[in-house]
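Colleague: Per this note's numbering, the very first residue in the sequence shown carries number 841; after that it's consecutive.
Among the hints, erroneous ones may be present.
Derived pair list, reagent style EDC-like, types lysine to aspartate or glutamate, alpha-carbon separation capped at 16 Å [to be verified]: (1) 1016 / 899; (2) 1005 / 956; (3) 976 / 881; (4) 1010 / 899; (5) 976 / 966; (6) 1016 / 894.
Okay, the calculated beta carbon distance ranges per label pair [claimed, not checked]: (7) 910 / 1013: 36 to 46 Å; (8) 1017 / 861: 37 to 47 Å; (9) 953 / 905: 38 to 48 Å.
Just so you know, the hints here were simulated from the structure itself, not pulled from any lab data.
The beta-carbon is built from N, C-alpha and C at its ideal position, and this holds for glycine as well.
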Amino acid sequence: MAQAQGMIEPFEPNQIKQNSSGPIVSYGTSSYGYDIRCSDEFKIFTNINSTIVDPKQFDPSSFVDFKGGVCIIPPNSFALARTVEFFRIPRNVLTICLGKSTYARCGIIVNVTPLEPEWEGHVTLEFSNTTPLPAKIYANEGVAQVIFIEGDEICETSYKDRGGKYQGQKGVTLPKI
841 MAQAQGMIEP
851 FEPNQIKQNS
861 SGPIVSYGTS
871 SYGYDIRCSD
881 EFKIFTNINS
891 TIVDPKQFDP
901 SSFVDFKGGV
911 CIIPPNSFAL
921 ARTVEFFRIP
931 RNVLTICLGK
941 STYARCGIIV
951 NVTPLEPEWE
961 GHVTLEFSNT
971 TPLPAKIYAN
981 EGVAQVIFIE
991 GDEICETSYK
1001 DRGGKYQGQK
1011 GVTLPKI
């Protein structure tokens, strides 16, 4: 379904566990979902401005932009990133995204909200480092699994119908109100 309907681009029909450098955190098609990758674009949270984190008035200067193959998240902090994959969710599908166990076992929580029917874009990912030590996130490797739930019927009102504020997002997208 995902490949036939162009839901995921680029789409990997297999589970990739190794590249030319050796073993990697796997990505691609899994038993009932798809393991997504993190791009090499990151926004690392910093408290140098001693501002309050407010979703209604978010200060973009609270982040440091970083581009690279490995992102180091400071202790007890977080970073935003985006998926390599661009998603187009059909009107009869909802997705739920959960972090991969490899990162969870290191104290790194991956947070992604559901992808609603007819939402499309790059997924913004949030990585929370719950440890008292710096933590690594690897670009172009698996970070989370998207699980697809197909409805028995088409939804009455889709994300696109509502004019959702994150529709068509590209790159790492900060909070909007």
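Colleague: Does each hint hold? Answer for all of them.
Modeller: Against the structure, the hints come out as follows:
no., hint, result
1, 1016 / 899, "11 Å, holds"
2, 1005 / 956, "12 Å, holds"
3, 976 / 881, "14 Å, holds"
4, 1010 / 899, "19 Å, violated"
5, 976 / 966, "13 Å, holds"
6, 1016 / 894, "11 Å, holds"
7, 910 / 1013: 36 to 46 Å, "22 Å, violated"
8, 1017 / 861: 37 to 47 Å, "41 Å, holds"
9, 953 / 905: 38 to 48 Å, "22 Å, violated"
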